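Visitor: Listed below, chain by chain, are the residues.
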Amino acid sequence: MTGAVVVARKEIADHFRSLRFHIVLALVAVVGLVALYVAGQTIRQNAESATEAGSVFLLLFTTSNDRLVPFTSFLSFLGPLVGLALGFDAISGERARGTLARLLAQPIHRDDVINGKFLAGLATLAVLFVGVTAFVGGIGLLFTGVPPSSEELLRLVAFVVVTILYVAFWLAVAILFSVLFRQAATSALAGVALWLFCAVFLPLLAGMVADAVAPVGTDATVAEELRNAYWQADLSRLSPATLYDEAVGVLLMPDVRTTGPIVITQVIGMVEGKLSFLQSLLLVWPQIVGLVAGVALAFGLAYVSFMRQEVRA
Amino acid sequence: MARGGAADGPAILARELSKRYPGPTPEDPGTLAVDRLTFEVRRGEIFGLLGPNGAGKTTTILMLLGLTEPTSGEARVLGHDPAREPLAVKRRVGYLPDSVGFYDDLTAEENLLYTADLNGIAADEAARRARERLREVGLEYARHTRVGAFSRGMRQRLGVADALLKDPEVLILDEPTLGIDPEGVRDMLALIRELAGRRGLAVLVSSHLLHQVQEICDRVGIFVGGRLVAAGRVEELAARLFGGEPVEVEVRLCRADERARDAIAKLPFVRDVRPGDDPRTLRATCEARAPGAGGEPDEPGARLARALVEAGFDIVGLSVRGRGLDDIYHRYFEGAEPGREARGSLAGRARSLDAGRPRDGAADEAAAGPVGAFVGRLRRLLPGKGGDGR
Ligand SMILES: Nc1ncnc2c1ncn2[C@@H]1O[C@H](COP(=O)(O)OP(=O)(O)OP(=O)(O)O)[C@@H](O)[C@H]1O
Ligand SMILES: [Mg+2]
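Chains as they are written, first to last, in this note's numbering: chain A, 1 to 313; chain B, 1001 to 1390.
Be a bit skeptical, because a hint or two may be false.
What the hints assert, rightly or not - In silico negatives: residues of chain A with every beta carbon more than 12 Å from chain B:
{"#": "1", "residue": "Arg67"}
{"#": "2", "residue": "Cys198"}
{"#": "3", "residue": "Glu225"}
{"#": "4", "residue": "Leu235"}
{"#": "5", "residue": "Ser305"}
Stated by the list, open to error - What the simulated footprint calls covered on chain B by chain A, stretch by stretch (three residues with Cβ under 8 Å from a Cβ of chain A suffice, anywhere in the stretch; the number is not a length):
{"#": "6", "segment": "1058-1065"}
{"#": "7", "segment": "1096-1105"}
{"#": "8", "segment": "1112-1120"}
As the list claims (entries may be wrong) - On the chain B side, residues computed to face chain A include the following (Cβ under 10 Å):
{"#": "9", "residue": "Arg1092"}
{"#": "10", "residue": "Arg1155"}
{"#": "11", "residue": "Ile1172"}
What the hints contain is simulated information worked out from the structure, not anything from laboratory work. The structure presented is a predicted model; accordingly, all values stated were derived computationally and were not measured. Heads up, the beta-carbon is just placed ideally off N, CA and C, and yes, glycines get one too.
Turn these sequences into a full structure, and let the hints steer you where they fit.
Guide: Right, here's the structure in full:
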């Protein structure tokens, strides 16, 4: 384990020094500021409904106007890029530089290298997202002048943790590709391809498959339509982006009570109200567990293939 | 320094060590990179592993370090099995990989400090050692230079400094002098010699640069097609290989005239004399052994020199050909001259070992898998020069 810590320490220093990290940081910070500005304007325009919702502070992260998406959606889309940027050449880079053999000839275990790199990536992500969220939240506080309650802070912390988890999945995927492919460019391309697949094609595909499995005719019953909607929702949950969207949506918006499809009759009789933090957390627990499983799967694959690989592959 | 673990055994021991790299498909038998290799390196000894490209030198070294698993056989480094206890081995073995690389964004010193950190060396001790090693390899002036700005040879030197940083008991150097200038090579060899002598390090050097190896190695192993075809001291190998064969001696005299030629020709151990390439030289074919009357050395070169001096000739230079590592090496690999027993059998052995490797086009394609076979077939179908579309 000490070997992994030494590797991680060096990798963290490398990340913070790298141009790549600074570009990613700038991107996320700018996106955060723009989203904050738009959210602030929107909230000011509909001041009454905002105060009605209760948690103005959290609205800063989830509100937008009809032209721009909120901060959370930005993160859902850009998060993969951050993870890929931090990991796409983790192992292939060592190989290409000729440092892998030298590194492995030191008295550390072979898995210390990949564990250290993953840990360093996680730490870097944590600094990045805690930093940006604190920055955006801080400015938002100055804007609105409404301090967050302790429950809102809890929700914010949960949001940051889930974001780190989501991006950690993409970091693990990037490390996996950096083990499998010798060329950093191939690895980066594979990562981007998977990202686009999950972001763009999986939702389309989910709709198509759902229509094929549970067709909805013009005279479809509610049950049929629901069946179709459930299929679509479940299939699109194969994408970590969907899991993330659902999780942060519920965590940051106390009045969201379900992540699945609901029919209008269910809404009509519903009593207005908010969920407590724990209730929200419980509601998206499956999504969080799904993300954890995704991270474990991707990193596990990277780990196993790295351990089985020849030093000179 | 405390040296645990079989303190009196050999530093490196390989017994029937084999490595087969799997082929791309399960049916493919793959490459047998190392074939039942047995050898040892004692403490305080410099052992040279010689062999052509692809002989399996690097593979052997990786197995000794526990960086790749042997298919069969066993290795012991300082009494530890590298496959089972890699950390115990890696703590005490310094390794210079064949294409050594560094983190280009870090300075020479920072790179060494990272290695020290991985070895658990305390910070102040690490700083001291890093500086000392940089001085030893002649890179003190580049301590704070980013390695990205280093030349090939400077990287190689830094690699040696890096391998020495952990104060190893065994040093494994894969092509240590690659890319280093002649002066640097001399320094490097002197450093290796000194380390082996002063600190009692066991050194394993892989190389194709025979002169260098001959200069510093106590023993050499000649490695072809994954097998060790000979091992021992250079003189022993020479004696075994060239024993009984005539030796060519070339003398350079102030005046290489008819008189000198006669003086040489009438010596009992000289078979034939003729002028050399240069007008001032004479070339004599001598018996391998030239036993003298009164306990003189039986080296034909020495006898010839003495005879000439006694007859009043002034010798400018004298060289005995066909005894160096060059010739030994050459004979193992290329010396396929027929009609000579020793040559025939040895070269035949080297060749027969080579025969297991794919040579002709079809076999190459087989080794390259279905895609290679397809490309090969395509190439044969296309007309002209490799079918580059013109
Ligand atoms: N990872 C690998 N997978 C498959 N075959 C390999 C692998 N590494 C090496 N080989 C094969 O094993 C054989 C020995 O290679 P090795 O690198 O040990 O030779 P070498 O003696 O170090 O050569 P050189 O002098 O060129 O460095 C070669 O035929 C090579 O093609
Ligand atoms: Mg090699």
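Visitor: None of the hints should be skipped; say for each whether it holds.
Guide: Cross-check of the supplied hints:
1. Arg67: 41 Å, holds
2. Cys198: 30 Å, holds
3. Glu225: The claim holds: Glu225(A) sits with its nearest Cβ about 50 Å from chain B, beyond 12 Å.
4. Leu235: 35 Å, holds
5. Ser305: Fine: 15 Å to the nearest Cβ keeps Ser305(A) off the interface.
6. 1058-1065: Three-residue rule met by the segment 1058-1065 of chain B, so holds; n is 3.
7. 1096-1105: Coverage by chain A holds here, the residue count being 8 at a Cβ distance below 8 Å.
8. 1112-1120: holds (count 6)
9. Arg1092: Holds: closest Cβ of chain A sits about 9 Å from Arg1092(B), inside 10 Å.
10. Arg1155: 9 Å, holds
11. Ile1172: Constraint on Ile1172(B) satisfied, holds at 9 Å.
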